[in-house]
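K.L.:
Sequence:
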Amino acid sequence: MDASESLSAAHCVLLATRYAAESNIDALRSLTLERPDAFDPKLILRIILSFLPESTEPSIYATYAQEVATRLYLEQRAKVPVDPTPVKDLSNAQADKRVRKLELLPLAHSSCPEKDADLDILTLFLIHRAYRIDAETGLLALIPPLVDPFLDEHEYLRTWFVSTVLPLLRLDFEYYPQCGATTSLEKFGNIHGAKGVELLLEKAKSSQNSVSQEESDSGESALARDMKGVVGPWMYGYGQRKRRNYHDSRRSSADALTHDQNSKPGDLKDRHDWEYVLSWMVHSASDHFDLISNAIEHWDGPNDVDLGGYANVNKVYGEELQDHLRLRYCQAAFGSVYAVNEHTRATIEAAHGVLVRLAQIMDFDPPPDLASSLDMLPKIEDHANLLEDSDTAVLQPDVLMKENNALTIPKLETFALLQIFVYSAYLLADLGYPISLNGVAKFRFHAEESDQLKVAQKILHGIANGPQKNDKNKWEATRDKLLWLWHWGMDAADEHALFGSGIFGKIDRQVFEREIINAFLTSFQFQLIQEVYLPKSGQRDHLDAEDVEEVVHKHVMEHYDNATNGNVTRGRMQKAMDIMTEFQPYFSHSPEFLRTEALLAATHSLSFYSLTLQHGVPFKPVNIRISDDPIGLIGKVLDQNLRSYTKLDDLINIAQNLVSARILERCGPVFDQSDADQEEQMKMAQRRVIGMAVEAALAEDDFETAYSFVINRLNPSFDSVIPKEESERLGKGGPATATTLIQRKKADDVSWRAAYLAGRHRSPNTSLTSSYNAANVQGSPALRRLDQRMELLSQALLLAPPSALPEVLTAWRRCEEEMTALLAQETEAEERFNDQADRRVPGAFSNQAITIQPRREVGRGAAEEAPMGLFDVARGAAAAFSRTAFPLRGSSGENESARVSQEHTRTFSMAGSETGSVGAAGSGEDGDRVRKRDMVANAVTGGLASGIGWVLGAQPTNQQREEK
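With full-length UniProt numbering, the residue at position 760 of the sequence shown is 760, and numbering never jumps.
None of these hints come from the bench; they were simulated from the model.
Just to be clear, a hint being listed does not mean it is correct.
What the hints assert, rightly or not - Beta-carbon label-pair distances, calculated as ranges:
1) Leu102 x Asp323: 54 to 60 Å
2) Ser6 x Lys187: 46 to 52 Å
3) Leu139 x Lys402: 16 to 22 Å
4) Pro106 x Pro53: 45 to 51 Å
5) Pro177 x Asn312: 25 to 31 Å
6) Glu403 x Glu103: 49 to 55 Å
7) Thr581 x Asp639: 46 to 52 Å
8) Lys79 x Lys315: 44 to 50 Å
9) Ser184 x Ser373: 57 to 63 Å
10) Lys187 x Val622: 27 to 33 Å
Given the structure is predicted, the values throughout are model-derived calculations rather than measurements.
C-beta atoms are modelled at their ideal positions from N, C-alpha and C, and glycine is treated no differently.
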């Protein structure tokens with residue numbers, strides 16, 4: 001009788017776990033053979049999976065695992081006696097309890113659908129064991145010996161191994177062993193879609209600088225090798241990943257099987273993982289075109305894969321899908337060229353290499369060399385005009401891979417168009433204006449005439465300032481290349497054609513020629529101008545005086561736009577001024593020249609101020625021309641230059657020069673060009689600059705200067721916007737014209753806002769507290785400041801539109817509250833001063849009782865408190881507002897002074913003289929102050945309260961007190 005016969009099933013399980021933990025496979029085999037009643041195949045495999053050390057050589061247990069799964073023990077091994085000693089002392093109950101506590105791993109890994117009919121228990125065990133080996137030891141090299149013997153018999157296992165283990169082994173251990181960082185099998189098995197492709201190819205992209213070290217004898221690049229040896233095997237598991245996704249989304253296995261990788265192209269072409277790879281190529285080409293072009297040169301596409309001999313390459317995809325993927329690969333090559341953002345000569349040569357490769361794949365005629373003469377360059381047919389209405393989005397990387405993209409459909413016409421773009425980029429680079437192929441395509445189909453003109457100007461400008469600017473032959477060749485880029489070799493014989501077919505074809509031919517003349521002027525090629533544009537035979541079109549003036553003016557503005565300093569005694573600004581001085585006698589009455597002089601004057605004046613634009617970019621003269629609001633630059637000057645607001649006249653002069661210059665935008669002039677509107681814009685610019693100066697002064701806490709600007713420079717009485725005849729007619733009650741009202745509204749808008757901002761300004765250095773002394777009796781600085789603020793707010797009330805009155809009145813009320821608080825502090829300080837003075841009088845008694853007369857509430861009389869009608873309220877408010885602009889009456893000041901002194905007076909036995917002094921202090925300046933602060937309050941708040949109170953039936957406060 002065998003020793004294991006006396007053991008219970010629980011004892012046998014515990015003993016099996018011990019043998020597995022000790023890697024004693026022979027003893028485990030003997031035990032399971034002796035007690036088949038205690039073990040089923042799944043239990044044995046789970047015990048091995050859970051307790052056998054992952055570092056154990058697969059050859060020790062792989063065959064045994066197969067025997068357990070198939071229940072065929074064909075291998076003859078010596079029987080090992082089973083030793084029950086480790087578990088014989090345990091009772092059955094104890095053994096059962098320990099078995100229940102065993103944490104056996106499930107047979108299926110989380111990535112494998114256990115209920116799938118195609119998955120036998122051996123496949124599940126091997127896959128889960130492989131994941132355990134990698135997770136616990138990182139010894140990925142142990143996995144091939146484990147699964148290799150079973151790949152031919154288990155299709156799912158072979159697909160999993162080829163698509164998961166093989167690419168990971170090559171990626172981390174064969175291709176890039178020096179990188180150090182490895183990816184876990186768990187993570188690699190879960191990758192899919194675009195992120196999975198990025199993970200597969202990121203090492204090839206990051207190691208592009210050392211491609212030469214990775215190349216094989218055939219010149220194969222690292223990316224091409226990875227496409228074949230990493231991405232290709234990973235694509236072998238596409239159907240398995242699709243099935244897993246359907247399983248995760250609780251779809252039936254039957255539905256998942258219909259989406260196998262050999263399905264019809266119509267069902268798969270928009271979903272296959274190769275689409276992510278091709279899209280990755282197009283996106284990566286924008287910044288790494290050298291990497292992509294090298295891969296295209298050495299990789300034949302999705303059908304060119306290396307499966308390591310584990311699968312037949314020809315059986316990976318169906319014939320229809322192979323044809324579809326080949327076309328998509330060619331489209332990706334087209335899209336990669338159009339997506340290039342690099343503009344080096346090497347990039348253009350690489351693009352030409354892609355053209356050669358596409359010609360081989362698609363059986364087209366190879367393109368000519370880049371250095372061919374202009375006569376040998378290919379000509380494009382009229383089908384290019386079909387792309388005129390296409391959107392700029394057609395050149396986006398995502399759109400380039402759409403099957404209906406007119407630029408990337410693999411056919412002869414699009415191939416010819418791509419050649420033209422490559423040669424155009426080559427010629428542009430030769431002319432000193434390198435531009436990417438993506439930029440060339442956008443420039444040809446979507447750039448406006450102005451954009452194309454700017455590029456032509458830049459090319460000519462670069463040559464005119466280059467080392468060969470005095471070479472006549474160089475200029476002749478440059479003109480020929482520019483004209484080819486204008487017409488692309490089509491209709492070249494038509495000398496009178498207005499527009500061409502090339503990348504400069506939207507430029508009017510005469511405008512294009514004038515720009516060339518401009519460059520000739522820069523390089524002093526006067527003889528060439530005479531030979532080409534001013535022949536004695538008269539066969540060429542001649543330029544009249546207006547054309548010459550335009551060329552000269554544009555030449556001036558080129559220097560202006562490229563200047564880095566606005567000072568007319570330096571750099572390009574000096575050249576611009578020199579040209580103006582040279583040609584001024586010829587065009588002294590030209591409005592264009594007069595405007596340019598004003599622009600140069602404004603720019604020169606701005607150069608004396610420190611001015612930095614957004615993101616720390618220093619100010620350049622061209623910023624004035626491209627600015628939507630040139631006068632707004634004065635605001636930046638005020639913000640960035642301390643106390644620059646004190647140079648108000650200089651800033652106003654700059655603004656008026658900017659108005660005179662009539663800065664041009666793309667849509668036309670910013671300012672109206674009539675003389676009347678010009679004068680009005682001058683006045684508005686002046687007021688706007690003054691308003692900016694007020695804000696700048698307030699920002700630097702210079703209230704006095706801001707107050708002076710508002711009162712002296714923005715007061716309507718000092719700068720009338722209304723003409724004299726309009727003023728007389730309005731004074732007689734006549735109707736105002738619409739123009740007058742608009743002008744007045746614009747002027748008042750700046751004025752009331754500046755007055756309002758100054759009126760609500762509170763200095764951080766000013767405190768509401770006011771210490772009482774003899775000087776403060778005559779008037780404190782805080783009260784004077786409040787008086788000035790209320791004066792500014794009263795001016796804002798006069799000019800503000802009705803919608804802004806509540807906001808201004810709110811600021812007024814706050815000033816009034818501050819005034820009340822300051823007066824209360826003065827009263828309290830006065831009383832403390834009188835008390836201390838009484839104690840210091842000789843002969844005074846410290847404990848003398850002071851009889852305090854109760855204060856009387858001084859207010860308006862009952863007649864004044866009587867309810868008012870709404871018309872009376874409006875009339876009272878208007879009268880109060882009008883009085884703010886005129887000297888205040890003395891009698892009202894005396895009444896207010898008496899009222900304040902009565903409120904401030906206390907009755908003492910020996911305080912007669914003090915009462916008189918307080919009364920004197922309330923007169924004079926303080927009287928004016930009281931009148932100003934109470935005027936609007938009485939008229940507005942009191943009047944409104946009385947009027948609305950009358951509507952509500954409320955009684956005046958005096959009557960309420962008398963009744964009480």
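K.L.:
Hint by hint, say whether it matches the structure.
P.N.:
Outcome of the hint check:
| no. | hint | in the structure |
| --- | --- | --- |
| 1 | Leu102 x Asp323: 54 to 60 Å | holds (56 Å) |
| 2 | Ser6 x Lys187: 46 to 52 Å | holds (48 Å) |
| 3 | Leu139 x Lys402: 16 to 22 Å | violated (45 Å) |
| 4 | Pro106 x Pro53: 45 to 51 Å | violated (19 Å) |
| 5 | Pro177 x Asn312: 25 to 31 Å | holds (29 Å) |
| 6 | Glu403 x Glu103: 49 to 55 Å | holds (53 Å) |
| 7 | Thr581 x Asp639: 46 to 52 Å | violated (34 Å) |
| 8 | Lys79 x Lys315: 44 to 50 Å | holds (45 Å) |
| 9 | Ser184 x Ser373: 57 to 63 Å | holds (59 Å) |
| 10 | Lys187 x Val622: 27 to 33 Å | violated (52 Å) |
Of the numbered hints given earlier, the model fails hints 3, 4, 7 and 10; all others are met.
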